[in-house]
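J.: Going down the list, the protein sequences come from chains L and S.
So for the first sequence, numbering that gives the first Met the number 0 puts the first residue at 0; every next one is plus one.
So for the second sequence, numbering that gives the first Met the number 0 puts the first residue at 0; every next one is plus one.
Where hints are given, some of them may not hold.
[As the list claims (entries may be wrong)] Here chain S is said to cover these stretches of chain L; the calculated rule only asks that three of the stretch's residues, wherever they fall, bring their Cβ under 8 angstroms from a Cβ of chain S:
# : stretch
1 : 31-43
2 : 69-75
3 : 78-85
4 : 117-123
[As the list claims (entries may be wrong)] Taking beta-carbon pairs under 10 angstroms as the criterion, some of the chain S residues facing chain L (in silico):
#  : residue
5  : Gly16
6  : Ser19
7  : Met21
8  : Asn54
9  : Ala112
10 : Pro121
11 : His147
12 : Gly148
13 : Arg211
14 : Asp213
15 : Ile235
16 : Pro246
These are computed hints drawn from the structure, not numbers from a lab.
Ideal placement from N, C-alpha and C gives every residue a C-beta, glycine not left out.
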Amino acid sequence: MTGSRQIPVAEGLFTWPSDEPQLIGAQCASCRLVGFPAGPACQRCGGTEATERLLPGRGTLWTFTTQDFRPPSPPYDGADTAATFQPYALGYVELSGEVMVEARLTESDPARLSIGQPMRLAIVPYSVSPDGTEIMTFAFAPVIGEA
Amino acid sequence: MEAVIIGVGLHPFGRFGGKSAMDMAADAVRAALADAGVSWPQVRAGFVGSLEVYNPDAVIGRLGLTGVPLRGVFNGCATAGTALSMAARAIETGEHDLTIAIGMDKHPRGAFAADPSVAGLPSWYGQTGLFLTTHFFGMKINRYMHDHGITHQTLAMVAAKNFRNASANENAWRRTPLSVADILASPVLNYPLRQFMYCGPDEGAGAVVLCRADQAHKYAGRPVRVRACTLRSRRIGAFELQSPSLPAGEHAPSPTVDASREAYEIAGIGPQDVAVAQLQDTDAGSEIIHMAENGLCKDGEQERLIADGETGIGGSLPVNTDGGLIGNGEPIGASGLRQIHELVRQLRGTAGARQVPGEPAVGYAHLYGAPGVSAVTILST
């Protein structure tokens, strides 16, 4: 058991470890559309040339919902069961008028979430492997006191 | 040459134990042929849709091996729109005189599960619990309620109306009426959507027989005209399922809006002419949004229309008169043919306890699903 070991769910998704982590997006070399994650082609023009673009770590909540039942597994690989599953919230966060990113939210109570509220990026564990290694993904947390 | 529908057949939707999707489809085809007064060897081409059945065209083994061309089609929840569209197009182009659209499915219980690679998405999107369709509908209606003043009560009233309509439909799955209070007391699945506001995957089959309008008199079924069949995929900027990111500040309408506008234009029919509509109600919120996206009302007007009962069978804009997806479930390949079956019965005036009064002349059918695809069909007497 290493206990404290943490690994990202995938490489190339976010800068981490970092005090100010950022999502790693891409900007199309042809039409300049910004997307996340970096993909094989631009969603607008189909261009296959792109440059890396680190996305702003702060934004506003465009919409949200909750996930109150355990997603079908596979593909979901949380270390929980239907009995131990903890509901989470997710939403789209608009980052500086540039791109909206779909992400888990760290606050799971819809009564404590509101459209338009400020959010910041956080890297959080969502699962744990049998040897105790925490699997990390990106999420957005409400920014308290800046509404 | 215009295509007309001369026969419709439906295998009930629900759960049917060991009965195969193929056997349900064969029953639906036999019912449609009987309705049309057509024998299987008279069918010149067919288009067959299914998600779960790998070779849905194998249904021919239960109907007679006539050598007729049968083409498999698939467009997610819009599959039956494609089957019907191609069956109509084959007649309009003069390629064939008599065609059939067939749909069937038999889904396992629970939310649809698949690897994200089937949609061209990375593995982490599924691993972290983002590759689902249900939560998209929660997010879309949550924003819509915020922007247009739709209430939780109205969501529940839509579901209650569809269960009520299903209770009068012998082919429906969920035939027990539920009150608004029952629906609001069911568990939240994806805020603000609750268990009894969602449709569920199930089993069933449908078939529609079409012929050239100038030959319809030779057959038994009272013809219903196919005025338009359209299908559109999403544009950049539309708020759509299975999107790890979307452009900000570049908003495009849903493919529903594009398919709807194109269908009205082709048909030369406007939203004000629609007498009965079947709209994709994956959930109660979707039915509300789709009323506006299909041009049947303005954004936000749903709150009053639904409170006043206008989308009920006796209202000015009856929606999902057979119970819709909420009342019937969604066997994906067949779902859109259930809509056509209901519209044909409404336009013929043979919908029984569910009959829309006043001899409806125009029927409208709409499908929507992953990965952002919509099909619209307009029928008339």
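J.: Next step is simple, just say for each hint if it's right about the structure.
T.: Okay, the hints, checked on the actual structure:
Check on the stretch 31-43 of chain L: 7 of its residues sit with their Cβ under 8 angstroms from a Cβ of chain S, so the three-residue criterion for coverage holds. With 6 residues bearing a CB less than 8 angstroms from a CB of chain S, the stretch 69-75 of chain L meets the requirement of three and the coverage assertion stands. Residue count for the stretch 78-85 of chain L with a Cβ under 8 angstroms from a Cβ of chain S: 0. That is fewer than the three needed, and the coverage hint is violated. Note: the stretch 117-123 of chain L has 0 residues with beta-carbon separation from chain S under 8 angstroms; the three-residue rule is not met and the coverage is violated.
For Gly16/S, the interface hint is violated, the least distance from its beta-carbon to any beta-carbon of chain L being 23 angstroms, above 10 angstroms. Taking 10 angstroms as the C-beta cut-off, the interface hint given for Ser19/S is violated, the closest approach to chain L being about 24 angstroms. For Met21/S, the interface hint is violated, since its Cβ never comes within 10 angstroms of a Cβ in chain L; the closest pair sits about 25 angstroms apart. The interface hint given for Asn54/S is violated, since its Cβ lies 25 angstroms from the closest Cβ of chain L, which is over the 10 angstroms cut-off.
The criterion of a C-beta within 10 angstroms of any C-beta in chain L is met by Ala112/S, whose closest approach is roughly 3 angstroms, and the hint holds. Interface restraint check: Pro121/S against chain L, minimum CB-CB distance 7 angstroms, threshold 10 angstroms, status holds. A distance limit of 10 angstroms between C-beta atoms decides the matter here; for His147/S the minimum to chain L is near 13 angstroms, and the interface restraint is violated. The closest approach between the C-beta of Gly148/S and any C-beta of chain L is roughly 13 angstroms, which is over the 10 angstroms cut-off, so the hint fails.
Given the 10 angstroms rule on beta carbons, the hint for Arg211/S is violated: about 40 angstroms separates it from the nearest Cβ of chain L. Hint status for Asp213/S relative to chain L: violated, with the closest Cβ pair at about 44 angstroms, above 10 angstroms. Taken as an interface hint, Ile235/S checks out: its beta carbon lies about 4 angstroms from the nearest beta carbon of chain L, inside 10 angstroms. The beta carbon of Pro246/S comes within 6 angstroms of a beta carbon in chain L, closer than 10 angstroms, and the hint placing it at the interface holds.
Comparing the model with each earlier hint shows violations of hints 3, 4, 5, 6, 7, 8, 11, 12, 13 and 14; every other hint is respected.
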